[in-house]
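S.K.: So for the sequence shown, my numbering puts the first residue at 1; every next one is plus one.
Honestly, the hints are just simulated from the structure, not real lab data.
None of these values were measured; they are calculated from a predicted model.
One or more hints might be untrue.
[Claimed, not checked] Label-pair ranges, simulated between beta-carbon atoms:
1. F229 with R194: 13 to 23 angstroms
2. D234 with R194: 12 to 22 angstroms
3. D234 with V290: 23 to 33 angstroms
4. E82 with Y288: 49 to 59 angstroms
5. S298 with L271: 17 to 27 angstroms
6. R194 with L235: 11 to 21 angstroms
7. T292 with R167: 32 to 42 angstroms
8. R296 with Q86: 35 to 45 angstroms
9. M78 with L271: 44 to 54 angstroms
10. G233 with S298: 19 to 29 angstroms
11. T159 with S298: 32 to 42 angstroms
12. Q97 with K231: 53 to 63 angstroms
13. E82 with E272: 37 to 47 angstroms
[What the hints assert, rightly or not] Cut-off 30 angstroms, straight-line C-alpha distance, at most; resulting in silico cross-link-like pairs (DSSO-like, lysine-lysine):
14. K280 with K291
15. K291 with K232
16. K231 with K166
17. K165 with K231
18. K147 with K231
19. K282 with K166
20. K280 with K147
21. K232 with K147
22. K22 with K81
23. K221 with K231
24. K232 with K221
25. K166 with K280
Cβ atoms here follow ideal geometry from the backbone N, Cα and C, with glycine treated the same way.
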Amino acid sequence: MKNLVTVSFSTINGSRHFRLDKRSQRGIRWAFLCFIFVSIFILMALVYLSETAIDAKMKQASLQIQSIELSEDLDVLMKLKEQLEQDLTMRESHLLQVSNRLGDLEHMLGVTIKDEPGLQSRLDTAAITSAVRIALLQELPNGAPVKNARISSNFGTRTHPITGKKRSHNGIDYAVNTGSPVHATADGVVEVVRPSNTGSGNFLRLQHSFGISSSYSHLQKFNVSAGAFIKKGDLIAYSGNTGLSSGPHLHYEVRFVGRPKNPRNFVEWDLENFDSLFEKQKGIRWDYLVKTVEQRVSSQLQLSSQKAAISPAS
1 MKNLVTVSFS
11 TINGSRHFRL
21 DKRSQRGIRW
31 AFLCFIFVSI
41 FILMALVYLS
51 ETAIDAKMKQ
61 ASLQIQSIEL
71 SEDLDVLMKL
81 KEQLEQDLTM
91 RESHLLQVSN
101 RLGDLEHMLG
111 VTIKDEPGLQ
121 SRLDTAAITS
131 AVRIALLQEL
141 PNGAPVKNAR
151 ISSNFGTRTH
161 PITGKKRSHN
171 GIDYAVNTGS
181 PVHATADGVV
191 EVVRPSNTGS
201 GNFLRLQHSF
211 GISSSYSHLQ
221 KFNVSAGAFI
231 KKGDLIAYSG
241 NTGLSSGPHL
251 HYEVRFVGRP
261 KNPRNFVEWD
271 LENFDSLFEK
281 QKGIRWDYLV
291 KTVEQRVSSQ
301 LQLSSQKAAI
311 SPAS
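Start from the sequences and build out the full structure, keeping to the hints where you can.
M.R.: And the structure:
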């Protein structure tokens, strides 16, 4: 029959014949086609999986490189963290030292701390207090006008060594040799330079701030002229024995709006016993004076801070 296909298998044991009809032939063809299709699918799957594996290996290699880079970055960050921690520790230690030194300064200045203010506030207070004291010690008479000199006569009533009469001694006398340098005890302007052979002899008066003046009598000669601006410590004259004087000495006075004050209180006034003058020397509105200087100094400090801020910006 023409639609039958005979398939023969020969072995040593003989031959065997199989007849395939049309339906069997069709089944074999479909099975063969399915085998080819499945083989192609498997081949494509293998190619895809191979490419995927290659991509995965490339990504793995990239991730390993990134991991190494991140590890190096982490090491750098850890070192930076250690350095920052060391810097922070040093800054905290430095801040503690500043706070302790500021506490010593506050104790010396007599600044009272309330409610644990911040360091900046404490620094501002200490700066203003220090600036006020420095300004006052620069502008008001303090210290002796001559060096290493003994006070031979104090302020108050005494018997005049020449006239023998009791009278007010409005200053203090320093026992110094003729020609001893005389220095200004504060900033000021030379108000009077008066040569004379009577009374106070060669006389010089400096006008300081806030109505306070200092005067120097029985001088040998002057080193300044009237109207000159003087800084504390400037050489203004030389001591002598002119006028009504029993021997070489310097007569030194301090006055407030013309009224004599005990110069010794001003001579002994310095930064270490700053409040002593206010306690000993009555008759001057020290509280108002200090407050005025404090306002001025505070304004100057703020202006300096603004200039300091503007300068780096410029």
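S.K.: All hints, please: hold or fail.
M.R.: Hints versus structure:
no.	hint	in the structure
1	F229 with R194: 13 to 23 angstroms	holds, 19 angstroms
2	D234 with R194: 12 to 22 angstroms	holds, 19 angstroms
3	D234 with V290: 23 to 33 angstroms	holds, 25 angstroms
4	E82 with Y288: 49 to 59 angstroms	holds, 57 angstroms
5	S298 with L271: 17 to 27 angstroms	holds, 19 angstroms
6	R194 with L235: 11 to 21 angstroms	holds, 19 angstroms
7	T292 with R167: 32 to 42 angstroms	holds, 36 angstroms
8	R296 with Q86: 35 to 45 angstroms	holds, 43 angstroms
9	M78 with L271: 44 to 54 angstroms	holds, 50 angstroms
10	G233 with S298: 19 to 29 angstroms	holds, 26 angstroms
11	T159 with S298: 32 to 42 angstroms	violated, 49 angstroms
12	Q97 with K231: 53 to 63 angstroms	violated, 35 angstroms
13	E82 with E272: 37 to 47 angstroms	holds, 46 angstroms
14	K280 with K291	holds, 19 angstroms
15	K291 with K232	holds, 22 angstroms
16	K231 with K166	violated, 36 angstroms
17	K165 with K231	violated, 38 angstroms
18	K147 with K231	holds, 17 angstroms
19	K282 with K166	holds, 24 angstroms
20	K280 with K147	holds, 23 angstroms
21	K232 with K147	holds, 14 angstroms
22	K22 with K81	violated, 85 angstroms
23	K221 with K231	holds, 19 angstroms
24	K232 with K221	holds, 19 angstroms
25	K166 with K280	holds, 25 angstroms
This entry does not satisfy hints 11, 12, 16, 17 and 22, going by the numbered hints stated previously.
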